[in-house]
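Enquirer: The chain contents come next:
Number of protein chains: 2
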Amino acid sequence: MDDQLKFLNQSAMSEQRRRPRVVILGAGFGGLSAAKALKSANADVVILDRHNYHLFQPLLYQVATAGLSPNQIATPIRQILSRQRNATVLMDRVVDVDLDTSEVVTPARRIGFDFLIVATGARHAYFGHDDWEAVAPGLKKIDEATDIRKRLLLAFEVAENTADAEMRQVALTFVVVGGGPTGVEMAGAIAELARNTIMRDFRNINTCDTRVVLVEAGPRLLPSFPEKLSASAEAQLRKLKVEVIRGDPVVECSASGVRLQSGAEFDAAMIVWGAGVMASPAARWLKSDADRAGRVIVGPDLRLPGHPNILVIGDTAAITDAAGHVVPGVAPAAKQMGQHAARAVVAMIAGRKYPPFVYRNYGNLATIGRKAAVADFGRLRLAGFAAWLVWGFVHVGFLIGFRNRISVMLDWAWSYFTFGRGARLITGDDR
Amino acid sequence: MDDQLKFLNQSAMSEQRRRPRVVILGAGFGGLSAAKALKSANADVVILDRHNYHLFQPLLYQVATAGLSPNQIATPIRQILSRQRNATVLMDRVVDVDLDTSEVVTPARRIGFDFLIVATGARHAYFGHDDWEAVAPGLKKIDEATDIRKRLLLAFEVAENTADAEMRQVALTFVVVGGGPTGVEMAGAIAELARNTIMRDFRNINTCDTRVVLVEAGPRLLPSFPEKLSASAEAQLRKLKVEVIRGDPVVECSASGVRLQSGAEFDAAMIVWGAGVMASPAARWLKSDADRAGRVIVGPDLRLPGHPNILVIGDTAAITDAAGHVVPGVAPAAKQMGQHAARAVVAMIAGRKYPPFVYRNYGNLATIGRKAAVADFGRLRLAGFAAWLVWGFVHVGFLIGFRNRISVMLDWAWSYFTFGRGARLITGDDR
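So the protein sequences, as listed, match chains A and B.
Just so we're aligned, residue 1 is where the first sequence starts under full-length UniProt numbering, counting upward by one.
Just so we're aligned, residue 1 is where the second sequence starts under full-length UniProt numbering, counting upward by one.
Quick caveat, the hints were computed from the structure, so don't treat them as lab data.
Take these hints with a grain of salt, some might be off.
Just a few of them, taken from the derived set where beta-carbon distance is under 8 Å, the chain B residues facing chain A [unchecked claim]:
id : residue
1  : Ser82
2  : Arg83
3  : Met91
Beta carbons are placed, not taken as given, at the ideal position from N, Cα and C, and that holds for glycine.
Put together the whole structure using the sequences plus the hints.
Expert: Below, the structure is given as structure tokens:
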């Protein structure tokens, strides 16, 4: 262990170890904002992620639908933190946390910590049907997005290549499961791809024959939005010819399609899963209580009960804040928690008290397509073009990296005027 | 077969079949320029490729070294030809050509042709050591480039993570096999990545300790260039601290490194193969004579001997043109042959004669790094900054797609001023 410590902090260890070490698990919105907020802290910051990049997940559906390429929405973590001298980036995978020795365990080593911030995010949940994952991929990682892009584009190739009318219609049918923001965005984007972008590209099929079916188990789309905006989102989707089905849960996913509780069946080339999330295995590592979605239950101080030096944030945590709000699993909430956790650690190091976390809700956005979106800013509610403009500015504004911002803006401008999309490549192993 | 014909040419087949069908195999520089040159021909053009995109191969090494992202150098074939109404794009894989029935055979169907243009390009050659491919990937396809990028970036992660000095040096050692343009470009680009781009990103390693070894079996680098430019290229590489070894062929590649004929051994994290090419299996499909590199031997009329309606072009063909030049395996030559083949087909349809092919050599370029390149325009020979500027303009100019051109120019400008690189993502399946 001593060797590892030395290796991790060559400079700090040249003298006696004095500075406390803060280990951050995960470089998503929560973890990265915690690391940055510790910039001037008198502490060594170690941030660990299994990928070498920070991913701007809210735009991942645009990679899946060929609008953007992966490097436009991902930035190397090392690059983001290259000038923060107290930060060390490790690309590694957490397998456990040793609460007795205060060490993070990875396949090859143990990393001691004085403070631990757990921000390992969430994965899809298949509600006990893990075998559905192979036929209904979700959308959390870059490789999943490029895989969905490949399946999507290959479906049109299959349709173009077949002389069998029935097979052609199946190849042109896409089912999106889940009426939350991801599902709404995917359904809208697939419909636009088919109806606008690739219209002229084929000779044997009419891509306007594409069927996009959006299935929501609950009574309305976008349940976290006001009812009026849910209805508006549905109307905007129907205008794009998306078939919206509500109140009818999926009971079966297979390579040939989906079956719903009502008995309705859809033969489809592709199913995209956006129905549920499950927190990372952090609760298991921390031997702590978890809610039904696997999230670690922490109080408004973000602390793991019984372990004041361990804080849990972002999608990994189930939190009701000091004002009594249930904190939603969205990027702005994760960022705020990351900053709060950093301040809390600084206060603990200094032996000061710090106030509990209060979530500030700046608004809620979901996009549907070109000039189509909904936005909820409390009293101000927008739909259609205005909401879409706000959505565009907010997302470009929050993208990390000046260069990415410009490149995404240019691509969007290009798509807007030409209806084209820049990233229509089928990559990945040949099968 | 009739069914297939009908399906492929619904419009043409609604009456009696009148228009001849030209089938083009491969949508690289040769095949695509043939298809475009047939735009106003009174013929149905069917272009078949196993990928859905045309790849600008000369810039592939920039994807492998994280300078550009795949979609910046690849454009969907359907998009390129979407407005050419006589062209049909098929994504399929050729397994054979039936010379008796004049049909192309794919796994699922047969496609009849009146004229066939074979432009299926080339692959790497391992000179009888096909087992080396797994440890020494080549650079012809997008998936190979992203795989090399992943190995390259992971090597620095391994070096950063290890406390063992010897292991660290191995992880920071890269061997490039082959001193042609690809090898020279890769070696220069890896050295620049290590020395400029990621310098500040690590805490435990000094990326300037990176060793890049370029091994050429022959007596000099860039053998297709004048000797003076070969020497200049080597000097420019040495300035980037690339170790250049000439006249010493590789006799063994393994997961741990390479061994040379002289007995010299290099333990390396990664080997990149740029030493030889082998034509696609076209000679086997066509039951024809091939040279040692597997290329179909055709005359200056580009015709397969005994089959005047079959033309072979690009890297698939071994051609000495009507002026007695051996046509080199470069993109401009493939484009010229594609255009020539198209004109030849039009002439044959009209029952006219057409002149034999003459290759026009507009020059030869290879880049080494930032402000470093060599250019050979016959009498005018350039090295260094001037050659590098010419190289940049020529490559951006030939990129297909207005949008790609702008996006690559912006990325290059950004890299030039910041020494940064935009596509440093480790993607692909987790292992």
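Enquirer: Would the hint on Ser82 (chain B) be counted as holding, given a Cβ-Cβ threshold of 8 Å to chain A?
Expert: holds, 4 Å
Enquirer: Met91 (chain B) was flagged as interface toward chain A. Is the shortest Cβ-Cβ separation under 8 Å?
Expert: holds, 5 Å
Enquirer: Tell me if Arg83 (chain B) is really an interface residue toward chain A, meaning its C-beta lies closer than 8 Å to one of theirs.
Expert: holds, 7 Å
Violated hints: none; the structure is consistent with every hint.
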